[in-house]
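Single-letter residue listing:
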Amino acid sequence: MAIEIEQQPSAVGLSKVAASETHGEDSPYFAGWKAYDEDPYDEHSNPSGVVQMGLAENQVSFDLLEDYLEKNSEASSWGSKEEVSSFRENALFQDYHGLQSFRKAMASFMEKIRGGRAKFDPERVVLTAGATAANELLTFILADPGDALLVPTPYYPGFDRDLRWRTGVKIVPIHCDSSNDFQITPKALEAAYNAAEAKNIKVRGVLITNPSNPLGATIQRAVLEEILDFVTRKNIHLVSDEIYSGSVFSSSEFISIAEVLAAQNYKKAERVHIVYSLSKDLGLPGFRVGTIYSYNDKVVTTARRMSSFTLISSQTQHLLAAMLSDKKFTENYIKTNRERLRKRYEMIIEGLRSAGIECLKGNAGLFCWMNLSPLLEKATREGELALWNSILHEVKLNISPGSSCHCSEPGWFRVCFANMSEQTLEVALKRIHNFMEQQRELKEMMIT
Amino acid sequence: MRLIVPLQGVVQGRGGLILGSLIPCALFYFFQLYVKRHRSPKSGSNHISPSQSSPNLAELQRSSSRSNLSSRGSIGRVQVSSRASSIAKPNDSPYYIGLDKVSEDAYDRFDNPDGVIQLGLSENRLCFDLIEKWFSENLKDSVIGSDGGDLSISGIAAYQPLDGLMELKVAMAGFMSQVMGPAVSFDPLQMVLTCGATPAIEILCFCLADPGNAFLVPTPYYSGFDRDVRWRTGVELIPVHCRNTDNFIISITSLDQAFNQARKRGVKVRGILLSNPGNPVGNLLPRETLDDILYFSQEKNIHIILDEIYAGSVYGTEEHVSMAELLDSDDIDKTRIHMVYGLSKDLALPGFRVGVIYSFNDTVLVAAKRLARFSSISAPTQRLLTSMLSDTRFTLTYINTSKKRIRKMHDLFVAGLKQLGIECATSSAGFYCWANMSKLIPSYSEKGELELWEMLLNIGKINVTPGSAFHCIEPGWFRCCFTTLSEEDIPIVIEGIRKVAETCKSSS
Numbered sequence: 030m031a032i033e034i035e036q037q038p039s040a041v042g043l044s045k046v047a048a049s050e051t052h053g054e055d056s057p058y059f060a061g062w063k064a065y066d067e068d069p070y071d072e073h074s075n076p077s078g079v080v081q082m083g084l085a086e087n088q089v090s091f092d093l094l095e096d097y098l099e100k101n102s103e104a105s106s107w108g109s110k111e112e113v114s115s116f117r118e119n120a121l122f123q124d125y126h127g128l129q130s131f132r133k134a135m136a137s138f139m140e141k142i143r144g145g146r147a148k149f150d151p152e153r154v155v156l157t158a159g160a161t162a163a164n165e166l167l168t169f170i171l172a173d174p175g176d177a178l179l180v181p182t183p184y185y186p187g188f189d190r191d192l193r194w195r196t197g198v199k200i201v202p203i204h205c206d207s208s209n210d211f212q213i214t215p216k217a218l219e220a221a222y223n224a225a226e227a228k229n230i231k232v233r234g235v236l237i238t239n240p241s242n243p244l245g246a247t248i249q250r251a252v253l254e255e256i257l258d259f260v261t262r263k264n265i266h267l268v269s270d271e272i273y274s275g276s277v278f279s280s281s282e283f284i285s286i287a288e289v290l291a292a293q294n295y296k297k298a299e300r301v302h303i304v305y306s307l308s309k310d311l312g313l314p315g316f317r318v319g320t321i322y323s324y325n326d327k328v329v330t331t332a333r334r335m336s337s338f339t340l341i342s343s344q345t346q347h348l349l350a351a352m353l354s355d356k357k358f359t360e361n362y363i364k365t366n367r368e369r370l371r372k373r374y375e376m377i378i379e380g381l382r383s384a385g386i387e388c389l390k391g392n393a394g395l396f397c398w399m400n401l402s403p404l405l406e407k408a409t410r411e412g413e414l415a416l417w418n419s420i421l422h423e424v425k426l427n428i429s430p431g432s433s434c435h436c437s438e439p440g441w442f443r444v445c446f447a448n449m450s451e452q453t454l455e456v457a458l459k460r461i462h463n464f465m466e467q468q469r470e471l472k473e474m475m476i477t
Numbered sequence: 249m250r251l252i253v254p255l256q257g258v259v260q261g262r263g264g265l266i267l268g269s270l271i272p273c274a275l276f277y278f279f280q281l282y283v284k285r286h287r288s289p290k291s292g293s294n295h296i297s298p299s300q301s302s303p304n305l306a307e308l309q310r311s312s313s314r315s316n317l318s319s320r321g322s323i324g325r326v327q328v329s330s331r332a333s334s335i336a337k338p339n340d341s342p343y344y345i346g347l348d349k350v351s352e353d354a355y356d357r358f359d360n361p362d363g364v365i366q367l368g369l370s371e372n373r374l375c376f377d378l379i380e381k382w383f384s385e386n387l388k389d390s391v392i393g394s395d396g397g398d399l400s401i402s403g404i405a406a407y408q409p410l411d412g413l414m415e416l417k418v419a420m421a422g423f424m425s426q427v428m429g430p431a432v433s434f435d436p437l438q439m440v441l442t443c444g445a446t447p448a449i450e451i452l453c454f455c456l457a458d459p460g461n462a463f464l465v466p467t468p469y470y471s472g473f474d475r476d477v478r479w480r481t482g483v484e485l486i487p488v489h490c491r492n493t494d495n496f497i498i499s500i501t502s503l504d505q506a507f508n509q510a511r512k513r514g515v516k517v518r519g520i521l522l523s524n525p526g527n528p529v530g531n532l533l534p535r536e537t538l539d540d541i542l543y544f545s546q547e548k549n550i551h552i553i554l555d556e557i558y559a560g561s562v563y564g565t566e567e568h569v570s571m572a573e574l575l576d577s578d579d580i581d582k583t584r585i586h587m588v589y590g591l592s593k594d595l596a597l598p599g600f601r602v603g604v605i606y607s608f609n610d611t612v613l614v615a616a617k618r619l620a621r622f623s624s625i626s627a628p629t630q631r632l633l634t635s636m637l638s639d640t641r642f643t644l645t646y647i648n649t650s651k652k653r654i655r656k657m658h659d660l661f662v663a664g665l666k667q668l669g670i671e672c673a674t675s676s677a678g679f680y681c682w683a684n685m686s687k688l689i690p691s692y693s694e695k696g697e698l699e700l701w702e703m704l705l706n707i708g709k710i711n712v713t714p715g716s717a718f719h720c721i722e723p724g725w726f727r728c729c730f731t732t733l734s735e736e737d738i739p740i741v742i743e744g745i746r747k748v749a750e751t752c753k754s755s756s
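Just so you know, the sequences run in chain order Y and G.
Read in order, the letters of the first sequence correspond to residues 30 to 477 in our numbering.
Read in order, the letters of the second sequence correspond to residues 249 to 756 in our numbering.
These are calculated hints, taken from the structure and not from any lab test.
Treat the hints with care, since some could be wrong.
[Unchecked claim] Computed list of lysine-lysine pairs in BS3-like fashion (alpha-carbon distance at most 25 Å, straight line):
#1 G:Lys617 with Y:Lys63
#2 G:Lys381 with Y:Lys45
#3 Y:Lys45 with G:Lys652
#4 Y:Lys45 with G:Lys687
[To be verified] Just a sample of chain G residues kept apart from chain Y, beta carbon distances all over 10 Å, derived:
#5 Tyr343
#6 Ala405
#7 Ala421
#8 Thr493
#9 Ile580
#10 Thr629
#11 Glu699
#12 Ser755
If you're wondering where the values come from, they're calculated on a predicted model, not measured in any experiment.
Here a beta-carbon is modelled for each residue, glycine too, at the ideal position from N, C-alpha and C.
Pulled out of the complex, with its shape left as it was, chain G reads as follows (with noise of 0.2 Å):
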């Protein structure tokens, strides 16, 4: 049920208005309050769309329970939550269409030079031959010895705590010191382990916001926040815009105007969500800077989530400057802060499922371990990887090794782009580069970028990300990935922009 957007005008105006708006609204307030609770759940509205699911789905069965539904009359289709309704609805993001051109047409050099090449998914394949040779000489012997201990299936098999082995976690402890600088260390004991980054974040929001609170977040942001942070929760995203003019940093006084603003629409701001390094600028966020926003938080008294996913991939010259190396002073107040840092990135093992949330919050600590039961990560996986993050000598050898091989391919990608006329944010880590193709757009709005996309992925063969997928508020840039690329395809991108450029000059 929607709030009567009328009434705030009241609530600023003038007292004569207040009984004329308020209580035709008051009255339409409890009319839809008495319909809904008198609509009979039978007639409810039908849900029934054609599936978006798999195709293969066992035809016989989808079609006999419709015909027998529709001779039955009266009972409706048995009804999903309203949460699972808007879940439920048909990806239309550019993001997901992208994703699904490139798998139906996926450029190969040599059997389908004509596909699209995939700039939109934000892994790391240059560094993978290091990890198959660590698991080739470490691996000899499967996961599950039979030689008893605690490699046979009987250590692993069975119940274990659910926010994690201690083992890991010690193991994990030491790599993320490694990845974030000397000047940090962690404890395990103040971290819960989770199967992703993704319920790391989903977690923390739930223990650190009510439904219908809010955590505002600089733009642009990684748009799976969209959904860690609110599908389930009720938890609102209130953007905070940023500007190229700041090189996309985030600054104080929009923090402070987006709060206020929240404030005066009666919505509790709970915290800010912050990526550092950022998705999908790559930018860093200098040390003042995050000084500020720890004051600001305790100024507001609200907490800080800090998503810090790509602290081992920062390749440029500039400092990553991690929140836990702030906290040693000692008139911080630590319990509003809380990281999330996972090995999808950094170690390219997406798939292994491997979060961390790392919280000084002792409360926060003991409900995120409980909840974490919902996404723990699988035994055999917890064993594997505390052996590779307890081989300190290989964990920097590639971490070193990755940063480079990204700094080549970001150099190259950044000088091709350059040569075409297009320029690109700063950007000192993560796997992509953040390109203003402004000039390029039809017209400068989110449909012209948009228009430009269609063109970059049908004509130029290219999947990138719009700007508009991560919430950027001034239209043109891309989110361009070029770790899952070879050197090889990058003047093929490069071209396939460039044919782009010419439709788009020629039409103007």
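Chain Y extracted, bound-state conformation (with noise of 0.2 Å):
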């Protein structure tokens, strides 16, 4: 399953960052996805291929987003004569303030996203490629080397590597569970503090993402005040990504951090740093546009000329400041895509139960999070990788198995179900169903 790299008998040696393995890439997680390359599954040349369930991609808004550029192509263009000045300007723009336009674009629209109940400043918007970089960046800005960050499990999988590669710095887990369904509670926060210390390690911050990610639930606001009033007791950092907040199904539901710390008027927000990008929302991962909105003055120049080594391409600030700026389309796109994800949401929780499955209850993101701890042979995380594995090579999907998110409960897992049509979604939960059947077969035969 590891991604075998020949060692050269290079003379010359490399640095420590280029032989560690924390890129992660020999996870499952990521051995799931080398699988469906290999054997994709496609509706007519390869009907029974594996599905992708493990990509949190958003598909199901692109109508929205063609049909605007289809309408206002001039603003992704520079054919006109007029546009050709600023083309000139554009192409040799390479300001890491980044262009003002966008800026206020993006600003308006996560305010937007927020049903207007929380106000962002331009001026604090600093933009990065992506939220990889956005989140690698803030971790260089708040932690050195030998540092940590305190992350509530389960987590992305790609914080391994994001937050912890070039920077040397370590992720200690807050330990969540089902039995309060996965929220962080101030005992777990100060276990995890008090873990740190012991090993002498000092903490630095705590990075939630909120919704969450793979729980795709929202975290309620009176663990968001308790989570503040932690790290202002250990005067720590506190790091919110909220790459999924335009994804919750229901507007009302979400709680920014953004809007906890304008209740308490904005007492403890030096110390607050949020992550957004579009890659999930608008779902435009190729364009490579993250975003770090920090309080904090000196994160914020400092952010700001580090994100020399991330810039996002003049070119794509341009096109997009036009369509967030927009109005009519903003709020009409994050109406529909949030319904549609509703929709879809409840296609795959309705399949998956009369399956016999039980999900986490979730109101956000592209993911639901899927109890299969019924069906482990045994409760341990050798367990949970042997159900994975029969699920990928038999059953044909990919899906990711909670412990690549570090969680702390075998046999659960996240299902992707916004990056594939309709059609493949019923293919999958068919084929899940057909699996439930066969394994409940199983232990009939079993017990006779």
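These two chains come separately, so use the hints to put the complex back together.
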């Protein structure tokens, strides 16, 4: 399963970073993708192939984007004479502050997603080539090598790489479990902090994802307040990765940390930083558009300068500035996208339920958190991986095992539903149905 | 925590002194360690610096958080990392101060004839008409067509290989071949694309060196290297000084000296960082020098990073020898050679952020490909540039025309400086000339150079970059970029310098 890299008998040495395995590409999370790449499902040409349910990509609302671009093609090209001089400026523009029009557009888009319940200042928006870069950049700024960030489990497997690889920073898990729907508790926060201290590791901050990946659920206001309290008492930072904020099925259910700060008059704001991106909500991961929004002046300045390593193409900024500033478009997009995601979610939940599988109650994101623990032969990580393996190779579905998300309880799986057509989803659900039937029959046979 | 210098003397020295020096040093070292460990995290040094960022930041948010902190007492301001602290400091480099001055008071022939003329930005604005023409002829439809297929939104919106689209790599390989001469061909499979040459260099440093290691770099060098190589990697840059007498070409003797000195200090040198064509001098490394450096790197078992970003902007009669050319021979270990390229200079598209890592080392390629996820090029831009670079007729015309126009400006500018008695180093490439104004500086020192720079800025109304910003060891040299000017501006620039020269003469 590991990706073999033949170590060259190169006389000249390389760095530890180059040789490190922290890129994590040998984990099952990525190995499943390999199986998909080798045998991808296609409705017509390969109906028995592997269905990719491990990629959190949003393809349900492309038509809205295409529609906009068709109607507003001047915004995306420089064909007209009037645009010629602006093209010149644009192609030469490499200021790490980013296009002001684009920063304004991002700030206003982020406000719309939160139903106007929070205000964002374009001067605090720092642009990066994707949220991957934003999270890494913040880690460089908030922590020194050897320090740690506390991250609640289960978490996005990419964090192991993005937060740790080049930065030399550690992740100390905040353990959450199903007894309270995996919510973060003050007890768990303290336990994680103490565990770090016991190892003489300096904790620099807490990083939460809200809505959560892989749980597909928003964090409640009371919990956010507790976390904010905790980081204030410990005098550490709080990073809130809100990359799925536009993918909450019902607008009223998402509380951003920005709202909590506003309600408290921004008293504790200087330690809070929000990460956002257009990869999930707008389904544009190829564009590489991410942002850091920080309430801390020093972090904004430093992040801006460091963003030199990860600037967004001025052409892309220009292209998207018009689109994101379009009130009519963004309001309609956000509303419609939410609706469609909700419908998909309901479809998959219903499908799984009729197959006898329960999921965590979710209200956001591009995936659901499925409980297959009743199927495990052994309630261990190995048992979970064995099950994952058979689902990958027999059922031909690539889903993500909870262990790759560092979940403390074996048997949970993340299943993505927005990166495919409805037909494909039905095919996948059917396969799961059959699989569960087989499992039931097997059990019955064993009993009799 | 700073290394105790006296130990160096002890290492070289006489045994009897060891105990006398070592013990107090060791004690001091451990004392510092103790203090650091037991310092309360809450009372850590307060980095309460007034905001250096935009003055538009919401006043309400800042003032309310400050007043509340003081009332709370013991909890200090939350700290950022030590990495960040050094980066957050205000920019006191003349390079940045000059740029600010220009943006505050930019020269305009009609609207602001007394403004400051920009000669500090190494950008080529001489050939934009060609690029604009290409766009208006080739991009009637938007980059993101809605007619399905590859150009549709779903084609470029989805996740792409994070080290660049293969089509762009193929087009780039072709372009690089065009630029670096027919003798060289580039394999797209050995390429990693990044959003600019800046991350390309940083990624290579992360792959080739550990924190505390060092790269040797000939001076004067592009000041951006201080950031690209050092900021986040923890890698050191050791300057190897070059002089006018050698036309600022590096010598193996000085490389060797620097290497040994580093070793004595206990610093491991992992490689050499070169720019060819050079910035700020604009000189080309002769074939023999490149050969010697290759041999040197083999001997010491270190890497070479070669930044060839100006390779397509060679206007002189000298030949640019790309490192790739020299690697045809079998007895050279190619795994130590890595090249950086980009479209910010030769194709004048810095805003689009396109950089290239080209390496012959498979392990480096694998690691760099993975690290490229933090610095990927936006997909629509990749599509756009694939189109442009694949139009080889256009690129050839562009490169040739650009060279001619740069040459013209160069000759006019250098002639103008000559009239004032100011000589320039021999440069065959780039967008600038390296002018020797040492006769004008009040004192032959960095201080004198900076004083002259300020006079040029405030009296001469021109923004040029002083040699100290490039770590030049000889005071008095200035980089003057002329590709952001039009021909009519040159006499005005010369006049500005003449004014300053008069002022210097009258005061001396």
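Hints and how they fare:
1. G:Lys617 with Y:Lys63: Holds, because 17 Å separates the two Cα atoms, which is no more than 25 Å.
2. G:Lys381 with Y:Lys45: Not OK: Lys381 of chain G and Lys45 of chain Y at ~48 Å, beyond 25 Å, violated.
3. Y:Lys45 with G:Lys652: violated (46 Å)
4. Y:Lys45 with G:Lys687: Violated, because 49 Å separates the two Cα atoms, which is more than 25 Å.
5. Tyr343: Nearest chain Y Cβ is 14 Å from Tyr343 of chain G, so the label holds.
6. Ala405: violated (5 Å)
7. Ala421: holds (21 Å)
8. Thr493: Non-interface label on Thr493 of chain G holds, nearest chain Y Cβ at 33 Å vs cutoff 10 Å.
9. Ile580: holds (12 Å)
10. Thr629: At roughly 4 Å from the nearest Cβ of chain Y, Thr629 of chain G sits no farther out than 10 Å, so the non-interface label is violated.
11. Glu699: holds (28 Å)
12. Ser755: holds (38 Å)
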